[in-house]
Amino acid sequence: MRLVEREGSAAVSHRAVAKEAGVSAASIAYYFDSIDELLIASLFDSVDVLVEQIGEMKDRVDDSRRWPAEIAAMLASMIHDYRGNTLAEYELYLLAARRPALRPAARKWREVAAASVNDGRGADEGVLTAFFAAIDGLLLHGLIADEPPSAAELERPLRFLLQPLDYFGVDTVP
Numbered sequence: 001m002r003l004v005e006r007e008g009s010a011a012v013s014h015r016a017v018a019k020e021a022g023v024s025a026a027s028i029a030y031y032f033d034s035i036d037e038l039l040i041a042s043l044f045d046s047v048d049v050l051v052e053q054i055g056e057m058k059d060r061v062d063d064s065r066r067w068p069a070e071i072a073a074m075l076a077s078m079i080h081d082y083r084g085n086t087l088a089e090y091e092l093y094l095l096a097a098r099r100p101a102l103r104p105a106a107r108k109w110r111e112v113a114a115a116s117v118n119d120g121r122g123a124d125e126g127v128l129t130a131f132f133a134a135i136d137g138l139l140l141h142g143l144i145a146d147e148p149p150s151a152a153e154l155e156r157p158l159r160f161l162l163q164p165l166d167y168f169g170v171d172t173v174p
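Numbering-wise, UniProt numbering puts 112 at position 112 of the sequence shown, and it's gapless, one number per residue.
Label pairs and their in silico Cβ distance ranges:
#1 Arg65 x Pro100: 37 to 45 Å
#2 Ser27 x Asp59: 34 to 42 Å
#3 Gly8 x Phe160: 28 to 36 Å
#4 Ala73 x Asp33: 35 to 43 Å
#5 Ser27 x Arg103: 25 to 33 Å
#6 Asp33 x Pro148: 34 to 42 Å
Calculated from the structure, these hints are not laboratory results. Beta carbons are placed, not taken as given, at the ideal position from N, Cα and C, and that holds for glycine.
Please model the complete structure; the sequences and the hints are all you need to start from.
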């Protein structure tokens with residue numbers, strides 16, 4: 001992922017990855033037959049990091065009203081502290097639209113995130129789709145903004161998404 005972060009997905013080759021890893025190109029070619037396999041491995045590594053982040057967040061949050069602030073802090077960190085990595089992940093995610101071999105790995109993050117959020121409660125698939133689409137939008141807008149949003153700025157739309165009744169100041173849906 002460091003290579004994609006620094007030079008973009010077009011720079012990925014067996015030789016470039018080997019140089020980055022400090023190993024021979026032959027050893028990379030032995031484990032990865034194609035460039036797509038290298039990119040797929042990078043996407044799966046990103047999924048593993050996401051699972052860890054979600055798990056840590058779930059361990060910290062004991063009050064559901066804190067979720068918007070916690071998620072906002074995570075997204076702000078992705079935009080500010082890990083901007084290059086976040087940009088690289090989205091570059092590979094979008095590359096999957098052109099390269100079918102990457103699609104299962106690109107979709108995996110959403111499956112894992114949905115399972116983590118859902119916790120077996122049977123959350124509505126349409127609601128989860130809208131939520132994750134909003135997360136993608138917030139991150140992409142943050143990556144292209146001249147002034148990336150703060151956690152406080154990200155919290156407002158997340159609060160609306162996660163607690164719409166609180167946002168509108170009503171107790172029940174009409």
